[in-house]
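Could you slot chain L onto chain P? The hints should help.
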Amino acid sequence: MSSAPPIVDIRRLSKSYRRGSQIIPVLEDISLTIAESEFLALMGPSGSGKSTLLNLIAGLDRADSGTIRVGGVDISALSEIDLAAWRAAHVGFIFQFYNLIPVLTAFENVELPLVLTDLSRRQRREHAQTVLSLVNLEDRMDHYPRQLSGGQQQRVAIARALVTDPTLLVADEPTGDLDRVSAEDVLVLMERLSRELGKTIIMVTHDPRAARRASTIKHLDKGVLANALEAAVP
Amino acid sequence: MLWKLLFRNAFRHTLRTLLTVFGVAVAVLAFGLLRTVVDAWYAGVSAAAANRLIIRNAISLTFFLPIAYMEKIRAIDGVQALSHMTWFGGIYIDRKNFFANFAVEGKSFLDLYPEFILAEDQKDAFMKDRKGCVVGRGLARRFGWKVGDGITLQGTIFRGDWPMTVRAIYSGRDRTVDENQLFFHWDYLNERLKAASHRRANQAGIFVIEIADPDSASAVAGAVDAVFKNSLAETLTETERAFQLGFVSMSEAILMAIRLVSFLIIGIIMAVAANTMIMSVRERMHEFAVFKTLGFGAARLGGLILGESLVICAAGGALGIAGTFPALRILARYVSNVFPVLDVTATTLSYDVLAVLAVALIAAIFPIRRVITVRIVDALGRAG
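These protein sequences, in sequence, are chains P and L.
In case it helps, this note's numbering puts the first sequence at residues 1 to 234.
In case it helps, this note's numbering puts the second sequence at residues 1 to 384.
I should point out that these hints are in silico values taken from the structure, not numbers from a laboratory.
Any given hint might turn out to be false.
Here are a few chain L residues that face chain P, going by a calculated C-beta distance under 10 Å [said to hold, decoys possible]:
(1) Met1
(2) Leu5
(3) Thr293
From the three backbone atoms N, C-alpha and C, an ideal C-beta is built for every residue, glycine too.
So here's chain P without its partners, still in its complex pose (with noise of 0.2 Å):
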């Protein structure tokens, strides 16, 4: 377990959905922290339960019961409109299926989040010119998600999450829709961001060649965390 003062606190969660008159648990009891900087990879099979907490961090949904504090903020406590504006400050989200906004250039793209901030529109430019930079994509700029590969499309998406210099990052299989060199760039681009730049990752993934480049892998089972498995970072 990392050293690091913890940065997500998930205390007692859980969370159900409802078929028609049934109701369906999905997470039960859970509790979790996750240290700053730390790169965790929570992997279950199909209907565990990990994107559901991976969204619950993230604020895109609602526990039915628990807390979750991430950099100390009680966001379960918040309105949709205070959580909206903390996901825009403190959450950068990367999709399996990349999610880019066609009709936006690869730039535009990476700029869209910092229309939320009270940069000028020189620092706007500046910053995603320099995520691009970082993602190595910077003669791409004015490319269209469809004029892109895969990989690249992905590392768009990273550099959309990271551009606002987020708390968190969370990916949900990022490497999922890509082939394995596309993938390997990804995973190693996510582990420099973790060791490099000090970030906070949470990565959902089934694939366990991704889930050793994390620095932690936890395991859930039915809604339940099954164990702990500290990997060795090299």
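Using the frame of chain P, we list chain L on its own:
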């Protein structure tokens, strides 16, 4: 940045957007045309002077008044000037060539209606020729008449051929003045009626009086009607505006139908635009979920959808408004005898703009509500 996004999204499905823009354009064009036709119906009311009163037979317009009433009317307090007009109802060559034509008392009539602008020499020529007539510029253009041309009207109310000479061509002082009328001397009409011992000899259709103070209209009208109370031909005196409105009210049902159709058209295009926006937003629901994930709140998302709707509707509205003017010019060629004044008014243009804004707003309401209320995880799940 958001502006770019808004425009690019609006034209993402080019064909669908262009068809919607076309639909809005046609609707605004039709709305503008119908409103203008309704306005044209009221053109006579708009052109009415506040200081003129019309005296007609209390029974009906089809009943005339004795010309001998003039002396009594002239003696009433507040009456400054007096003239008379008689609807002649003549046709030129064929019934389809309809235009308004009146027998008038030349000098007093032209003095009472300064909105008919005539050259002095033409006016003199008209006054000197008992069989002379004055025609509007639009009418002269329509039939290719020039000053000095001889024309013949066939009487319908007053039977027979009525040859006359065009002695003057008037133009309107402003655009609301009907330039498609013909006026000739009542003396010419009356002379032939007397010769034929016609019962309408020495009678006029209506008297027109000018009053010094428009505020005294009601008092003067009352005084006129009081003078002829219990006579064989009682009078009904009203302002020129009320008189013109009386004509319009005869067509009130038609006008109501035209107004209703104009609003139905806007209603239909509202549904079409709403359908376009709903489809467009539903297809992109996962993108809106991404926006929400990034922290975009309800106001910004609503702004993006409303902006997109406005771009489409404004493009259609601008095309529709621009098209209204040439469309009216074409329409005017065919209906100038019925609607001599066909102008797009500022009110119609503002109705056009209001209609476009209303369509854009209504079309955006349902998709905005859907985007704001959808749970992010549900919408992202839809993306697969």
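Each hint tested on the structure:
Interface restraint check for Met1/L: the shortest CB-CB distance to chain P comes to about 6 Å, inside 10 Å, so the restraint holds. Hint status for Leu5/L: holds, given a least beta-carbon distance of 7 Å to chain P, under 10 Å. With a cut of 10 Å, the hint placing Thr293/L at the interface with chain P holds, because the nearest CB-to-CB distance is about 5 Å.
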